[in-house]
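For chain A, the structure is supplied; the task is to place chain B on it using the hints.
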Amino acid sequence: MDTRELPLILFTLFTQIAVGMAVFAAVRQWVTVEGPTIRSRNEWIAILVLIGLGVFAAFFHLGKPLGAIRMLANIGSAWLSREILSFGIFGALSAVTFYLVFTKASNGWLFKVTALVGLLAVFSTGMAYASAGLDAIHNILPLILFMLTVFTLGPAIASYFVDEKSHAGLVSILVPTLLTSMIVRFLVPFIWLSGSAVMRTTGQNFLASPLHWLHIVALLVGVFVVRPGKSLPKWLPIVLLLGELLGRIAFFALVASSGANLGGMY
Amino acid sequence: MTRYAFSVNAELCIGCSSCGMACKNQYNLEPGMVWRKLYPLSEEIYPHKDRAFYSLACNHCDQPACLEGCPVGAYSQREDGIVVHNQDTCIGCRNCLRNCPFGAPRYNEAEGHVEKCSMCWERIDEGLLPACVQACPTQALTLVDLDKDDVSGTVQYPPGFPHRPDVGPSTRFRLPTAPLMVRRDA
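Note that the protein sequences, when read in sequence, are chains A and B. Residue numbers for the first sequence follow my numbering, beginning at 1 and rising by one. Residue numbers for the second sequence follow my numbering, beginning at 267 and rising by one.
Hints may be right or wrong, so weigh each one.
Claimed, not checked - Below, computed lysine to any residue pairings styled on SDA-like, alpha-carbon distance capped at 25 Å:
id : chain 1 : residue 1 : chain 2 : residue 2
1  : A       : K64       : B       : N374
2  : A       : K112      : A       : N139
3  : A       : K64       : B       : N294
4  : B       : K414      : B       : R389
5  : B       : K315      : A       : Y266
6  : A       : K64       : B       : S342
Quick caveat, the hints were computed from the structure, so don't treat them as lab data.
Same shape as in the complex, but just chain A:
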C-alpha cells in the first residue's frame, strides 16, 4: 500500500465513526427523549475527538498542508471541496451540541440537524471517492460502502457510551447492517470480475487479499454474536473497528487505476 494514503484512511474512518455516533445519538434522542447525562456528554466528547483526529490526520496527505484552507476554492464542481465544507459544518454543529449537552440544555432538533449534516458530509465523501480514474468505484459503490461503515461502527462504538437498556436499539441497527455489509462486500469483487479488464484486476486483487477476507470474517463474527435481546459484548466493537480498518486499507490499496493499463486490454 502507498503509505501516503494512510492519513486518508484514518480521516475517512474516524469521521464516519463520528457521523455514525451522531446519527445514533439523534435516533436515541428522538425515540426516548433522553436527557443530558454524563454518558451522553462523554459520547459527544468522543465524537469531537474523532472529528479532530480525522481532520488532523487528513493534513498529512497534503503535499503542502499550509494550503489546506484553499480546499474550499472549488465548491462549484469539486466534491472534495464540498466534503471539507460539510465536515467543517458537522464539526461546528457537534461542538455546539456538546456545549448544550454539557450545560444540560440539549436540543432535540440540533441532534437531528447535526446527524443530517454528518450524513450529507459522508455523501460528499462517497461522491469524492467515485473517482473517474478508478473504473471499479466510479459509481455509487463508495457511497454505499461508506454508509455501511457509518451504520456499523457508529452504533458499535456508541455502545461504550450508552447504558445496557439502550443496547436493544443498537442491536436493531447493527443486525441488518452487519448482514447487508457482509453480503455486499462479499459479492462486489465477484461482480467486478464480470467487468472490464481494469475492473477484473480490482476484483482479483480483492479476492487474493487477506485484508478483504479478514474484513469479511470480522463482519461474520458480528453477525453471529449480535443477537436481538442481548447486549453487545465489550470486545465486539474492537473487532468490527479492526475489520473496517482492514477493509478501508483494501479500498485504498487494491482498486486498480484505469491509467495503469495503457497499451493493454480494456
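Showing chain B alone in chain A's frame:
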C-alpha cells in the same frame, strides 16, 4: 476557433523515447518524473514480433476530470483546449491522480505538488511546436488543430486506450498496421 491536440501515429513510432526525453529537458523534470511516456501495445492488441507504441501524456480533455475535481482550482482550460496546471496553487492532495482515467498527472514528492504536460503552451504562444513534437524524428507525434486540420482516418479511442467519452480526450491516433512479412518458400 482553435482546438489543439496531439496526434499519435503508432505506424510511424519507432519507440525511441525522444519525445519523453525532450519533455524532461524542456522542463528540467526531477529524476523519475515523466510527463510523457511510451506505452508498448500488448501482444493481445498487436500480436507481432515487431512492437508498436503509443506516446502518451496529458490528453487535454474536453471535460477534464482533473479540473472538475481539483478542490483548489489549480487547473484551468484555455480557449484552445489546453489544460494548464498551476503548480503554485496545487497543494498536493492528489485527487487528480485518482480522477484522471489516463494516469497523466504525476506527483512530485520532493516539491509536494502534482505536475503534468502543459502541451508547452508557452512555446505554442510563441509560434513554436511543443518540445516532444519538435523532437520526434519520424513525425509520429504531431500537433493538430481539431477544428481546422484534416484528422480523418484517426481514432479517438483505439485499443489499448481507455474508452472515456465522458471526459473526451483530445488525442487522436493512427493505428499500426501489421508488419511486412517476408516468407521464404521451402
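Open item on the list: Next pair to validate is K414(B) with R389(B); report whether the Cα-Cα distance is within 25 Å.
Closed with: At roughly 20 Å apart (the allowed maximum being 25 Å), R389(B) and K414(B) satisfy the hint.
Task: Hinted pair K64(A) and S342(B), Cα distance within 25 Å - done: 20 Å, holds
Task: Hint consistency between K112(A) and N139(A) [alpha-carbon to alpha-carbon, up to 25 Å] - done: Roughly 28 Å between the alpha carbons, so the hint for K112(A) and N139(A) is violated.
Open item on the list: Next pair to validate is K64(A) with N294(B); report whether the Cα-Cα distance is within 25 Å.
Closed with: 21 Å, holds
Task: Distance restraint between K315(B) and Y266(A), which requires alpha-carbon spacing of 25 Å or less - done: 22 Å, holds
- [ ] Verify the proposed pairing of K64(A) with N374(B), using a straight-line Cα cut of 25 Å.
- [x] 12 Å, holds
In summary, the one numbered hint that this structure violates is 2.
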